[in-house]
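Participant: The chain contents come next:
2 protein chains.
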Amino acid sequence: MTTIKSDDKRIAIIGLGLLGGSLGMALRNGTWHRSGWARKAETRNWAIANDVIEETSDDVDEILKKADLTVLCLPIPAIKTFIEKHAAAWRSGSIVTDVGSVKQSIVEHAEPLLQPRGVHFVGSHPMAGTEKSGHEAAFPTLYKNAESFVTRTENTDPDAFNTIIEFWRGIGVKPVELEVEEHDKLVASTSHLLHLLALALTQTALDCPPEQQQQRYSGCATGFRDTSRIASSSPRMWREIIENNQASVLITIKEFEKRWKHLREIIESGNFDEFEKEFAHGKELRDQWVKYKKW
Amino acid sequence: MTTIKSDDKRIAIIGLGLLGGSLGMALRNGTWHRSGWARKAETRNWAIANDVIEETSDDVDEILKKADLTVLCLPIPAIKTFIEKHAAAWRSGSIVTDVGSVKQSIVEHAEPLLQPRGVHFVGSHPMAGTEKSGHEAAFPTLYKNAESFVTRTENTDPDAFNTIIEFWRGIGVKPVELEVEEHDKLVASTSHLLHLLALALTQTALDCPPEQQQQRYSGCATGFRDTSRIASSSPRMWREIIENNQASVLITIKEFEKRWKHLREIIESGNFDEFEKEFAHGKELRDQWVKYKKW
Chain B
1 MTTIKSDDKR IAIIGLGLLG GSLGMALRNG TWHRSGWARK AETRNWAIAN DVIEETSDDV
61 DEILKKADLT VLCLPIPAIK TFIEKHAAAW RSGSIVTDVG SVKQSIVEHA EPLLQPRGVH
121 FVGSHPMAGT EKSGHEAAFP TLYKNAESFV TRTENTDPDA FNTIIEFWRG IGVKPVELEV
181 EEHDKLVAST SHLLHLLALA LTQTALDCPP EQQQQRYSGC ATGFRDTSRI ASSSPRMWRE
241 IIENNQASVL ITIKEFEKRW KHLREIIESG NFDEFEKEFA HGKELRDQWV KYKKW
Chain E
1001 MTTIKSDDKR IAIIGLGLLG GSLGMALRNG TWHRSGWARK AETRNWAIAN DVIEETSDDV
1061 DEILKKADLT VLCLPIPAIK TFIEKHAAAW RSGSIVTDVG SVKQSIVEHA EPLLQPRGVH
1121 FVGSHPMAGT EKSGHEAAFP TLYKNAESFV TRTENTDPDA FNTIIEFWRG IGVKPVELEV
1181 EEHDKLVAST SHLLHLLALA LTQTALDCPP EQQQQRYSGC ATGFRDTSRI ASSSPRMWRE
1241 IIENNQASVL ITIKEFEKRW KHLREIIESG NFDEFEKEFA HGKELRDQWV KYKKW
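Residue numbers (the numbering used here), protein chains in the order written: chain B, 1 to 295; chain E, 1001 to 1295.
One chain only, chain B, in its complex shape (with noise of 0.2 Å):
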């Protein structure tokens, strides 16, 4: 039986910054009794005494024992070392999830450790986020408008499964269902190059002798400041994001790369017609995507 109660269902986030501050947050006034735990002290006070969730405890065993539902809201490498540590603490019957930014490395690290127990994990990433990190960066309305990859593999339990659907959908996320191995793939080409090209066009624009700097500055305006404004985001984050989903990103780099290599033949051969119409395609997808997300 995974099915949770409605009158008595407990979630446990787990992790209190951006995502999991922000979680709890959204799940205010909703059906949920939200419990918590964050590593420092301090965190888990603010998170009390904001309302960002209502029962916390220095022991987090105590935390995951009672909850129903637990949210990982770690770091990647937070989240396996945390379930290694406290697999034994979570029921059998309970549901975890968690909101990193890769899956399978999470998921086969997760499946043969908490399958034996009767604890079903089920991989979640919703596509939510900031440059910013952290409990002061939280916000209610994060995942407002957004979609979670919900991941399936041969192990996951349907009802579990189910479950972490509707509990998306509770806070306005539009799940999205796919395999594990799918999702490491697709988000390659839809975030984790994005953040590497912002990195690289940042040093391209800003890394310069002093004495050119003052210009530099002048001359990066509104589309400098959104086309990097993920190379703000944390460097221990995005290291670890990239460093457990290294072949994937390396595919999408070559499909890059080819692209790239295109516009660069067509500007060295000063062929500005079809320089015009790859730019003219580049816009329809953009436009065509925009009208989808109705941002």
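Don't read these hints as lab results, they were simulated from the structure. Where hints are given, some of them may not hold.
Pulled a few chain B residues facing chain E out of the computed Cβ check, cut under 10 Å [claimed, not checked]:
1. ILE48
2. ILE171
3. PRO210
4. ARG225
5. GLN246
6. ARG259
Keep in mind it's a predicted model, so treat the numbers as computed, not measured. The C-beta atom is built at its ideal place from N, Cα and C for all residues, glycine as well.
With chain B held as given, fit chain E onto it using these hints.
Facilitator: Chain E only, in chain B's frame:
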């Protein structure tokens, strides 16, 4: 005598799209008498009806004749042909500037046509814009907190140059002086490159087999929205910009590729400590710039 008397100074805004329309709006309640012209009568009517300009004419030469200062807010090739066709309309002592994203090809074209007639050309490039175009996209605060390059050549009239500097200051834009050649190299790395990258990343993320499209749409979230925003710009306009700055753009492309190659190699080799260092360096560069801009 190039100084304009403040009691009866007349500005002519030629082209009333995003940049020209927004300029007219920014000059409301100021000391300039605002005249203007656009190719389409319907745009001219819109501009009069919405207090973007106070005066227009079917015959643009009538507008130019009376202008103390003319701001050409047209696409790059149109700026050049406009000056060719209408050089005789300006009176001696009149000052002409523009808002084109490249300067060398414009200034080299304008100076020999205007200087013999005593008309002073000073190339400007306000770092303001959005991915939209046309007068419908114009808004009064487009130039707010922007910086504008004001370019100099060995032929530049110092008084005319100062008038342009003060003109931008008058609408709250910070003028930044530099040589024409410097300008084109600079914006290749702070603006033109970014448009090429936004295009290539949009294609990589969204140009896929139809059966993958739905998942790609879901995988593209706020990070994609911002890094790709300028890929929704006008293909014609960006063709013209890149075409008119080909040499500098190709130099910047090489600079980007050097940095990109380094990032790819450290990911390939699994040197994620180095990757984290690079990311931290990029973040620091961007965060410093954000502080400078106070946005």
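Participant: Confirm or reject each hint.
Facilitator: Now for the hints, and whether the structure bears them out:
{"no.": "1", "hint": "ILE48", "verdict": "violated, 29 Å"}
{"no.": "2", "hint": "ILE171", "verdict": "violated, 16 Å"}
{"no.": "3", "hint": "PRO210", "verdict": "violated, 12 Å"}
{"no.": "4", "hint": "ARG225", "verdict": "holds, 7 Å"}
{"no.": "5", "hint": "GLN246", "verdict": "holds, 6 Å"}
{"no.": "6", "hint": "ARG259", "verdict": "holds, 5 Å"}
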